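Chemist: Letter by letter, the chains look like this.
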Amino acid sequence: MSIVLYRIDDRLIHGQVVIGWGRPLGAEFIVLVDPEVSGSEWEQDLYRMAVPRSVDIIFADVEEARRRLPEWQADRRRGMLLTGTVAVMAAVCQNGTGIPKINLGGIHHRPGRRQRLPYVFLTDDEYQTLIDLQQQGPKIVAQDVPTAKAVGLDDLA
Amino acid sequence: MSNDLRGVVVAHGRIAEALVSAAEGISGVADVLVPVSNDGCDRDRLEERIAEAIDGRPSVVFVDLPSGSCLVAVLHRFRGELNVKVVTGVNLAMLLDFLFHRELPLPEVAEHVASRGSGAIRVT
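As given, the protein sequences belong to chains A and B, one line each in that order. Position 35, counted from 1, in the first sequence is what the working numbering calls 590; the numbers after and before it change by one each time, with no gaps. Position 64, counted from 1, in the second sequence is what the working numbering calls 50; the numbers after and before it change by one each time, with no gaps.
Simulated from the structure, these hints should not be mistaken for lab results. All figures in this text were calculated on a predicted structure; none of them were measured in a lab. Hints may be right or wrong, so weigh each one.
[Unchecked claim] With beta-carbon atoms standing in for the labels, derived distance ranges:
| no. | chain 1 | residue 1 | chain 2 | residue 2 | range |
| --- | --- | --- | --- | --- | --- |
| 1 | A | K694 | B | E94 | 51 to 59 angstroms |
| 2 | B | G26 | A | Q599 | 20 to 28 angstroms |
| 3 | B | S104 | A | I686 | 44 to 52 angstroms |
Ideal Cβ placement from N, Cα and C applies to all residues, glycine included.
Only chain A is shown next, with the shape it has when bound in the complex (with noise of 0.2 angstroms):
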């Protein structure tokens, strides 16, 4: 079934994410794309704590992720792919190849950022990289859990 969700989300492995999409989604694996965790064996054992252990989970940093992203898209298995920023979602989606759609979770306030949603805030060369993004075939919509409307990018100028 490959990748059902990509998603940006400065949170990582929380509630939203594992019960608000995954359980609807049947997710049984998550891709989780960060430098920092991807380093560190304490982090990723707090993120494991937070996945059912039915749910692989897997950490990668952004090399990696570029390079293993077909065969996650290839897996039998439903999974989801989280980043927490947009810049490394971009830099693992070069092309969008195969992405049709990325969500945005919650991207939260930061000095030089602009409130979008409640949910979302961007700088203004953060809403350009999804511009470009969406350019290259990822449809790019906000909707920070599944029973929320999901926001365009054009409603997020």
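Since the structure of chain A is provided, determine the placement of chain B on it from the hints.
Modeler: Structure of chain B alone, referenced to chain A:
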């Protein structure tokens, strides 16, 4: 333990605020428990909120879930910190017990409240 011991409650939404308000209302003990919400925070900002609540004092940090963003933020910042103990699965019985056992050494008070909190869960 000295009376400097603080309880910091870190939880989703308004849970922490409600638990602290209820515990203070029942016990009459104020200025010991500090609520922290994860609303609107990425991990860095939540870590800052928790650090401000701890304010350098010995603390038991109570977290709502045994995994997830609140626990990750606490442990990312305070893992290995001797003056901070983390207890997950916070409930009202646990907080009330904490308010009246703050004289215990920090590791003991953490174990004590965890035991009391889990013991409060019953099926009748």
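Chemist: Indicate, hint by hint, whether the structure satisfies it.
Modeler: Tested hints:
1. For the hinted restraint 51 to 59 angstroms between K694 of chain A and E94 of chain B, the CB-CB distance of approximately 55 angstroms keeps it satisfied.
2. A hinted range of 20 to 28 angstroms holds for the C-beta pair G26 of chain B and Q599 of chain A, which are about 26 angstroms apart.
3. In this structure, S104 of chain B and I686 of chain A meet the distance hint of 44 to 52 angstroms, their C-beta atoms being roughly 50 angstroms apart.
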